[in-house]
Amino acid sequence: MKHNDKRPVFLSLAKIHLPVTAVLSLAHRGTGLALFFLLPVAIYLLDLSLQSQQGFSQVRQLMFQPVGLSIMIIIAWFFAHHFFAGIRYLLIDVDIGVDAKASRHSAWLVIASGIVAVLLVALMLR
Amino acid sequence: MAGLRAWLLQRLSAMYMGIYLLFFIFYLLIDTPRNYTEWRGMIATPWVALSMMLFFVSLLIHAWVGIRDVIIDYVHNPALRLFKLSMTGLALMVCGLWVLDILLAVMK
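First to last, the protein sequences are chains A and B. With our numbering, the residue at position 66 of the first sequence is 66, and numbering never jumps. With our numbering, the residue at position 60 of the second sequence is 60, and numbering never jumps.
If you're looking for bench data, these hints aren't it; they were derived computationally from the structure. Keep in mind it's a predicted model, so treat the numbers as computed, not measured. Here a beta-carbon is modelled for each residue, glycine too, at the ideal position from N, C-alpha and C. Just so you know, nobody snuck in bad clues.
Quick partial rundown of chain B residues pointing at chain A, CB under 7 angstroms, derived from the structure: (1) Y36; (2) R40; (3) A63; (4) G66; (5) I67; (6) C95; (7) W98; (8) V99; (9) I102; (10) V106.
Just the calculated beta-carbon pair ranges, DEER-fashion: (11) N77(B) <-> L13(A): 23 to 29 angstroms; (12) A22(A) <-> A2(B): 24 to 30 angstroms; (13) L80(B) <-> H105(A): 38 to 44 angstroms; (14) R81(B) <-> I115(A): 31 to 37 angstroms; (15) L33(A) <-> D101(B): 24 to 30 angstroms; (16) V57(B) <-> K6(A): 56 to 62 angstroms; (17) L12(B) <-> A22(A): 25 to 31 angstroms; (18) V41(A) <-> N77(B): 25 to 31 angstroms; (19) A105(B) <-> D99(A): 47 to 53 angstroms; (20) V57(B) <-> V67(A): 28 to 34 angstroms; (21) L82(B) <-> K101(A): 39 to 45 angstroms.
Start from the sequences, fold in the hints, and give me the full structure.
Structural data, given as structure tokens:
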């Protein structure tokens, strides 16, 4: 094989494009990891809310002041994304949407569904 | 836990959690607990507490398989990998016992 020294090397971050399916895979890992680290916080809030009347009010206050609400909405987005991407992987497991075109479409659908779901949550908690 | 069994458990737990959460959110929407007494009463209902405990058991299994995959992919030093895997397992077990303790206290 002839070696061509002038072949382009695409290591520039501005030029490298990950396909949307790869971004989704990374996001599935990232959101999963984030949710894992948030688990003790969620259990703590559950514990506090069930311990006493004051605990319940504290959790409610924490959750519905602007900062708490914003954090909740971001977590809801992580979750929604992980949820929809997970359904996509379950479907791919049973051979639905495996080919390149379908998997790209479903990846965009997952991203859109995550955004729609989080908007619904934001509207309901408002 | 490894290989096909881990793969299958990750998916079964995902399905249980997905279905559980849809029901739980629906239930919260149609019969929203307005105060502490109603909230506690709701969680103390045996089938609510039981399905929630099952949810957390699924979550621990699911998280274990997921985090284990991530650690195996990115942590190559054997000692460090073992340490991180042990810490993850320990943390998940503590979380599970914590939830069990919360739910048993509510049901008392």
